[in-house]
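Trainee: Sequence:
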Amino acid sequence: MIHYEIHPVNPQAHLFEVKLHLGVVASAGQELYMPNWIPGSYMIRDFSKHIQWLRAENNSGELDVQRIDKSRWKLPQSNSAIVVTYQVYAWDLSVRGAHLDQTHGFFNGTCVFLAVAGREDETCTVDISRPDGEDYLQWRVATGLKPIEGTAEFTFGRYQALNYDELIDCPVEMSDFRLISFEACGVPHHMTLTGRHKVDEQRLASDLKKICEHHIQFFGEPAPMDRYLFMTYVLGNGFGGLEHRNSTALHCSREDLPIESDSLLEGEGKVKDNYQTFLDLCSHEYFHTWNVKRIKPTEFLPYDTQKESHTELLWAFEGITSYYDNLALAQTGCISKEEYLTRLSKTLTAVRRSKGRFIQTVTDSSFDAWTKFYKQDENAPNAVVSYYTKGAEVALCLDLLIRQVTDWNKSLKDILKRLWLEFGRVEKGVENDTIQKLVLEETPEDAHDELIQFFEKALYTTQELPSEQLLAELGLDLKCLPRNDRNDRGGFKEKLPTDKQLADLGIEFKSKATGVFVKNVYADSAAAKAGVSADDHLIALNGLKINASNFDRQIQQCSIGDTVKLVGFRRDELMTFEVVLEEAESDTAYISYSKNFDQYQDKFERWLNLQ
1 MIHYEIHPVN PQAHLFEVKL HLGVVASAGQ ELYMPNWIPG SYMIRDFSKH
51 IQWLRAENNS GELDVQRIDK SRWKLPQSNS AIVVTYQVYA WDLSVRGAHL
101 DQTHGFFNGT CVFLAVAGRE DETCTVDISR PDGEDYLQWR VATGLKPIEG
151 TAEFTFGRYQ ALNYDELIDC PVEMSDFRLI SFEACGVPHH MTLTGRHKVD
201 EQRLASDLKK ICEHHIQFFG EPAPMDRYLF MTYVLGNGFG GLEHRNSTAL
251 HCSREDLPIE SDSLLEGEGK VKDNYQTFLD LCSHEYFHTW NVKRIKPTEF
301 LPYDTQKESH TELLWAFEGI TSYYDNLALA QTGCISKEEY LTRLSKTLTA
351 VRRSKGRFIQ TVTDSSFDAW TKFYKQDENA PNAVVSYYTK GAEVALCLDL
401 LIRQVTDWNK SLKDILKRLW LEFGRVEKGV ENDTIQKLVL EETPEDAHDE
451 LIQFFEKALY TTQELPSEQL LAELGLDLKC LPRNDRNDRG GFKEKLPTDK
501 QLADLGIEFK SKATGVFVKN VYADSAAAKA GVSADDHLIA LNGLKINASN
551 FDRQIQQCSI GDTVKLVGFR RDELMTFEVV LEEAESDTAY ISYSKNFDQY
601 QDKFERWLNL Q
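Mapping the sequence shown onto the UniProt record's numbering, position 103 (from 1) lands on 103, and the numbers just tick up by one.
None of these hints come from the bench; they were simulated from the model.
Just so it is clear, CB atoms sit at the ideal spot from N, CA and C, and this is done for glycine as well.
Each hint should be verified, as a subset may be incorrect.
[Unchecked claim] Restricting the straight-line Cα-Cα distance to at most 30 Å, the calculated cross-link-like pairs of lysine-lysine (DSS-like) are:
{"hint": "1", "residue 1": "K437", "residue 2": "K457"}
{"hint": "2", "residue 1": "K479", "residue 2": "K493"}
{"hint": "3", "residue 1": "K595", "residue 2": "K500"}
{"hint": "4", "residue 1": "K479", "residue 2": "K413"}
{"hint": "5", "residue 1": "K210", "residue 2": "K307"}
{"hint": "6", "residue 1": "K500", "residue 2": "K372"}
{"hint": "7", "residue 1": "K479", "residue 2": "K545"}
{"hint": "8", "residue 1": "K428", "residue 2": "K410"}
[What the hints assert, rightly or not] Quick list of simulated restraints, FRET-style, between CB atoms:
{"hint": "9", "residue 1": "H310", "residue 2": "G531", "range": "51 to 59 Å"}
{"hint": "10", "residue 1": "Q599", "residue 2": "E427", "range": "43 to 51 Å"}
{"hint": "11", "residue 1": "A540", "residue 2": "K495", "range": "16 to 24 Å"}
{"hint": "12", "residue 1": "E427", "residue 2": "D69", "range": "29 to 37 Å"}
{"hint": "13", "residue 1": "H310", "residue 2": "E427", "range": "35 to 43 Å"}
{"hint": "14", "residue 1": "E149", "residue 2": "H310", "range": "38 to 46 Å"}
{"hint": "15", "residue 1": "D64", "residue 2": "E122", "range": "24 to 32 Å"}
{"hint": "16", "residue 1": "Q501", "residue 2": "G543", "range": "23 to 31 Å"}
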């Protein structure tokens, strides 16, 4: 057995101290290593860079530790037990890292626990202690690790992991957190909230219970975990999540949480958009309990945290999850059907605003996540398509297509349940063509040509997907038009807007103290043709000062074909651009009920589980 101790030795300096206890080491020595990436976040992060110092000693004294490379060390032979002690700097306030100060401590095991090479399958124990001093007496511990030897849940003490993979897949939060508890399908669930906040506990627990029970019943009881934790850090402005086997680490803003006065502010029956987004996040990470934590691509069995693990299948593990995360909110009644259609419209808008969808296939986006999606630069909108949003659109089309060709007797849900039973539950890897094969097995033979062609188009080409035609079979009209303003991302409309034929530059920008700062320039746009580039600081249009609040309006007051004069700085050099305005892209998705919606209402309601 391998034993660790972790102690927040200096919260003010953001330092954890870790001790690794090992037995006798044979003559060949023992290699130790720190992961270079964390599962679920596909980028090399070099966690070993945060180790301040490391030393090893046995009964005879300090040992000579050999450094092999950036993340590996080697211990010499020892005839007595060895203790490896090291300190880790923890100031990464993200769901991927480790963070420690006087208000809380958080860490992922990938950031703090050295692995013992060749012994990753051995049981691990870890003693988790609070910081020294009276200021920390009210702190508690939240983790998916199993408390043992008399340690009560949420208290400091000894915890166990069956192997190293489990050890690094159970993050730890320590603070004086708020605890919200509920049961879903008989399984204890908890949400911890760290950071200053207000929240309607009853509403949050009620909504989470609906979502969790939906997902458990989606894949089939019993749930694959005996308890579950939502570990949430509340910030003034923050958002993100990372899935784990029986927990998730979340960041949200204070405005994302429900409070008792929301119904008065939003109107009876309405759910504020920020809270919908937070529920989406919770639903997304919880769905991952099955879809990627247990149903995995072959390349992730097992994880190799020392190097990149490429797979074509992130479109399925993130995209399908992104499709079901907010669909579940509608199917459980957490949001209205119109609110769901607005969220679906925004997903489709995100796809259509990516010029990269004409360059990169969704499978290439998955494979290249390490170097492109997770390392986006100013040209990303022109070169990268998101396997989250494009994958969600693929899942939408696939779900509706399966329903259509089986006369609504089957759906994508049947494929996910088979993936769980035949792959996830028995720890068998999913291959690149597994989903295609399962779909063909679940559908009539006379539909196979159509389905094969769909998969080829959706996964291996950059052609547009048949979302408009498939949604029409639900009595829904989908139309893409130019955005009304910078904040317009589309949505559900009782009546589809008319095309205003607006002029546009083809840039994304953000506010500066004076003028605007160009974030992205879309390929082949009016601005690109005139030579405007990312990082340009624009200050005037046709001789008038501009700012973020009036820039769009000034452009829209011009006509398509007009030549406008932009003045700004590139670095410290004054630049002038003559831009011939072009018609704005029709990249904003709106959904409405069709005129003959009554003919399709039965299918629409079955899709959203409304009957």
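Trainee: Under the criterion that the straight-line Cα-Cα distance not exceed 30 Å, is the pair K428, K410 satisfied?
Mentor: Cα-Cα ~24 Å, so holds.
Trainee: Starting from the range 23 to 31 Å, see whether the pair Q501 and G543 falls in it by beta-carbon distance.
Mentor: With a Cβ separation near 26 Å, Q501 and G543 satisfy 23 to 31 Å, so the hint holds.
Trainee: Is the Cα-Cα distance between K500 and K372 30 Å or less?
Mentor: It is violated: about 35 Å lies between the C-alpha atoms, which goes past 30 Å.
Trainee: Quick one: are H310 and G531 within 51 to 59 Å, going by C-beta?
Mentor: 37 Å, violated
Trainee: For the pair supplied as a hint, K595 and K500, is the alpha-carbon distance within the 30 Å limit?
Mentor: 22 Å, holds
Trainee: Okay, Q599 versus E427 on CB: inside 43 to 51 Å?
Mentor: Distance hint for Q599, E427 holds at roughly 46 Å.
Trainee: Does K413 sit within 30 Å of K479, going by the straight-line distance between their CA atoms?
Mentor: Within the cut-off at roughly 27 Å; holds.
Trainee: With respect to the beta-carbon atoms only, verify the hint that E149 and H310 lie 38 to 46 Å apart.
Mentor: 41 Å, holds
Trainee: Does the hinted range 35 to 43 Å hold for H310 and E427 at CB?
Mentor: About 20 Å separates the Cβ atoms of H310 and E427, which means 35 to 43 Å is violated.
Trainee: Okay, A540 versus K495 on CB: inside 16 to 24 Å?
Mentor: 39 Å, violated
Trainee: Take the C-alpha atoms of K479 and K493, compute the straight-line distance between them, and say whether it is at most 30 Å.
Mentor: 11 Å, holds
Trainee: Would the pair K210 and K307 pass a check requiring their Cα atoms to be no farther apart than 30 Å?
Mentor: It is violated: about 38 Å lies between the C-alpha atoms, which goes past 30 Å.
In summary, the numbered hints that this structure violates are 5, 6, 7, 9, 11 and 13.
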